[in-house]
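Just so you know, the protein sequences line up as chains A and B, in that order.
Here this note's numbering = 1-based position in the first sequence + 3.
Here this note's numbering = 1-based position in the second sequence + 3.
Misleading hints may appear alongside valid ones.
[Stated by the list, open to error] Coverage of chain A stretches by chain B, computed from C-beta distances (three or more under 8 Å per stretch; other residues unrestricted):
1. 127-136
2. 206-217
3. 235-247
4. 274-285
5. 359-366
6. 370-380
[To be verified] Heads up, simulated EDC-like pairs for lysine to aspartate or glutamate below, C-alpha to C-alpha not over 16 Å straight-line:
7. A:K273 to A:E253
8. B:K229 to B:E38
9. B:K251 to A:E72
10. B:K350 to B:E72
11. B:K259 to A:E72
12. A:K251 to B:E72
Don't read these hints as lab results, they were simulated from the structure.
A virtual CB, placed ideally from N, CA and C, is assigned to each residue, including glycine.
Protein chains: 2
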Amino acid sequence: MRRVAVVGVGHSKFGRRDDVNLGELAFESIKPALEDAGLAPEDIPFLVVGNGGFCEETLPAVAIADYAELYNAELLRVEAACATSSAALSMAYNAVASGKVDVAMAVGCEKMTELDTPYIVELIGRAGFFFWEFQHFGLTFPGYYALHATAYLNQYGASEEHLAMVAVKNHKYAATNPYAQFRQEITVEQVLKSPYIAWPLKLFDCCPITDGSATVILAAEEKAKKLTDTPVWIEAIEGCGGSANLSKRESFVGLKAAQVAAEKAFKKAKITPDKIDVANVHDCFTIAELMAMEDIGFCGRGEAYKLVEEGQTYIGGKIPINVDGGLKAKGHPIGATGTSMIYSLTKQLRGEYIKSNQAPIKHGYALAHNVGGTGHYAYITILSRK
Amino acid sequence: MRRVAVVGVGHSKFGRRDDVNLGELAFESIKPALEDAGLAPEDIPFLVVGNGGFCEETLPAVAIADYAELYNAELLRVEAACATSSAALSMAYNAVASGKVDVAMAVGCEKMTELDTPYIVELIGRAGFFFWEFQHFGLTFPGYYALHATAYLNQYGASEEHLAMVAVKNHKYAATNPYAQFRQEITVEQVLKSPYIAWPLKLFDCCPITDGSATVILAAEEKAKKLTDTPVWIEAIEGCGGSANLSKRESFVGLKAAQVAAEKAFKKAKITPDKIDVANVHDCFTIAELMAMEDIGFCGRGEAYKLVEEGQTYIGGKIPINVDGGLKAKGHPIGATGTSMIYSLTKQLRGEYIKSNQAPIKHGYALAHNVGGTGHYAYITILSRK
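So here's chain A without its partners, still in its complex pose (with noise of 0.2 Å):
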C-alpha cells in the first residue's frame, strides 16, 4: 500500500442554509480544498461525494459535480448513515493507495433542511431496524441513544450533569469556530432545564438538524510532498459493520462496531490511544460522546464521565475532544460530519486551526470516529503529522 496524505481541506458555514443550492453547498467547500492543495478541477481522476439522501436531487452527486465542473473524475456516492463521508474518504483512500490513482476528492455534503423536518425525522427514525423497532415500536433517533444513556447511567452511576457537561464544553469551543451553527456558550444548568426529549436526554443533549459541506483531498506520498510541505498522513482508516437489530446487542454502554474499527485502525497505525493528541467524535447526542471515549480506548468502561468531570476533555486536558463543538454544536449535516471532522484535524495537526480552539500537538496524532446509525456502521481515522 501506498502512503497518503490529507493535501487539502475545505468547510463550508454550517447550519440552516436556505441561501444556497446544494451545488452550491458542495461548493463551498471544494473551492478552499482546491485552493488549500493547489490543485484546479481537471486534477481530481477520482472524486467520491458522501451524502446520506436527505435531498431533493435523485443523484446529489451528479449536482455537486456539475457545479464544480469536476468532470474528469470516476464519480459515485457514498452513504453509511451518519458516518457516510468518512466511508467516502475511505474509498477515496483505497483509490490512491492502490495506485489506480494519484489524487482523490471526498466530499461530504448534505443539506438536510431541503425536506421538513417531520420527514427528516422519519427518515432518521427508519434508520433504526426499521421493520421491528421504528415501524412496530415507533422508535426514533433519541430514543435509540435514550436507551444507552439509561444504561450508562444505571451501570456506572453518572448523572445527567455528566452528560449535560459534555454539551457545555462543545457549546464553548462552537462559540468560537466561525463554521459552527450554535455559536453561544451554555451553562450545566441550561441543558438540565431543557426539555426532555427522550428520557434522559434533553434538548441540549441533542445534536441538530444541519446544512454543510466539508471537503478532503488526498494523494499519494510522492505527489503530497510536491503539494504541500505540510502533508497530514492518513496511518489508519478501518471500518466495521454492525447489526441494526437492538435485540442483537451484547451490551447498551457501548458501540461494537466502534470498538472494532478502533481495534483494527490503532493495530494499523502501529500506536496505542495515549499517543492522540486531539479527536473527534461522534456526539450525535451527549452519551455517544461518553461511550465513544470507551469504545475508542481512551478510559476504561464507566470511566469517561469521570474524565469529563475533571475538565480532562478541554484543550489543556488529557484528551481535547470536539474543541471544533462536536456534531453537538457544529452541527450534523449527516453526509458531511466524517470530512468535517478530517478538516479540524487536519488543521489541528498542521497547528493552524483557529487560535482559540489550537490543542497542544505532543504526539502528533489525531483521531475521527465516526458513527451510523446507533453503530450500523462506524469508522475510525489516524491521522499524523510525521
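Please build the complex by placing chain B on the supplied structure of chain A, with the hints as guidance.
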C-alpha cells in the same frame, strides 16, 4: 497494484418480487456467491452494497448485511444511478488491489416495486438535470433517450426497425435465461406495433422496472488461486462522470463519459476492442445499445446499426452483445445491473453459462459497459480468464 479476480458470483430471479423483502432478495444472490467462492459470511472483511435508493429502507446496506449475517465487514452503500453496482465493484476492487483486504464482496440489489410506479418514474426523471430539465421542462427518462435516438436516426440514416432488432435479439436470449424478467421471444413487427412512449421509442424499446440482486466476490491473486481453479481476472475497471446538463453536451449520438471510461479501460488492460469475445452493454433503451457499441469502439461512428442488421451481435457474430437478455429483457433493477453483467460474463469466461447462451471464447476477454443517468456516470470493466 495487486491482481484481483472474481472468485464467486450469484444471481437472483429478476422481475416483480412481491414474495421477498430487500434482505431476502439480496440473500438470493449472496448465498450462491459465497458457495461459489467456498467462503462463509465471516470470511468477508469488506462489503459494499450497490443500491440506488428505490426502496423503503433508509439504510438498505444495513438491512442486507443484517439478513445475511455479514457482520465483520467494513460496510458502505454506493450509488451511481444505473451504474451503481459497477461503482460498488470498483470500490471492492480498490480495497483488494490496495492490499487493505484479501477478499471483498459487492452486492447489487434493488427492490424498485416497493415504491409506486408514478414515484419511480418521477425519481428516474429527477436523475436527469433535475433543476432545469425535470422541474421546468418535465423530461422523463424515455424522453432523454428519445433525444439521443432522434439524433442518431437523423445523423446516420438508421431506422426504427434497427432499434427493434436490438429488442428482438435481447428477448431471444432472455427467453432461455431462467433469471430473466421477460422470457418470451418477440418479433420486429411486435416492437413496431407497440405504443410510442417517446418518439421514436416504443414500449418494446424500453427496459422494464425490475426487482433483483446480483453478487460478486473478489480476491487478491494468491487467495484467488487457493479458492478456485477458474479465476476470472479484472483487467480494468474504470469510471468517468459527465454533466447532467444536456445543454453542455457536444454530441447526442454517444455518451462522452462512456467513451472516456472505455479508453481508460482498454489502455489499462492493454488490449483493443476486437479482443472482446462477449459483452454486456447498458441497453436501458434499444438506442443505448447502438451508442454503447460505438462508444466502446466495437465499430466506427454510425456503424452499429449495420452490425445489428447483419446479425453480428448474436452468438456466432462478430461481437455477441447482451446474450443474457440485457437490461431490455433480463430486466434492470437499478442497483443490481452492474453486478448482474459481471455474473453473466464470469460464467461466459468460465465456459459454464446457459448452454444456448454461451458465446465462443477465443481471446479470453469480456467487457461490461454500465451507464448511470444519460451518461452522468459510466463504468467499463474488462474481464479475462488468463
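Verification of the hints:
Counting residues of the stretch 127-136 of chain A whose beta carbon lies closer than 8 Å to any beta carbon of chain B gives 6, which meets the minimum of three for the stated coverage. Under the rule that three or more residues need a Cβ within less than 8 Å of chain B, the assignment of the stretch 206-217 of chain A is violated, with 0 such residues. Coverage of a stretch by a chain is defined here by at least three residues with a beta carbon nearer than 8 Å to that chain's beta carbons; for the stretch 235-247 of chain A and chain B the count is 7, and the condition holds. As drawn, the stretch 274-285 of chain A meets chain B at 0 residues by the rule of a beta-carbon pair under 8 Å; below three, the given contact is violated.
By the rule of at least three residues with a Cβ nearer than 8 Å to a Cβ of chain B, the coverage given for the stretch 359-366 of chain A is violated, with 0 such residues. With 4 residues having a beta carbon nearer than 8 Å to a beta carbon of chain B, the stretch 370-380 of chain A meets the requirement of three or more and the stated coverage holds. With a C-alpha separation of about 28 Å, the suggested pairing of K273 (chain A) with E253 (chain A) is violated against the 16 Å cut-off. At roughly 15 Å between alpha-carbon atoms, K229 (chain B) and E38 (chain B) fall within 16 Å of each other, so this suggested pair holds.
Simply put, K251 (chain B) and E72 (chain A) have alpha-carbon atoms about 11 Å apart, close enough for the 16 Å limit, and the pair holds. For the hint linking K350 (chain B) to E72 (chain B), the alpha-carbon distance of about 26 Å lies beyond 16 Å, and the restraint is violated. The straight-line distance between the Cα atoms of K259 (chain B) and E72 (chain A) is roughly 15 Å, inside the 16 Å bound, and the hint therefore holds. For the suggested pair K251 (chain A) and E72 (chain B), the alpha carbons sit about 11 Å apart, so the restraint of at most 16 Å is met.
Checked against the numbered hints given earlier, this structure breaks hints 2, 4, 5, 7 and 10; the rest are met.
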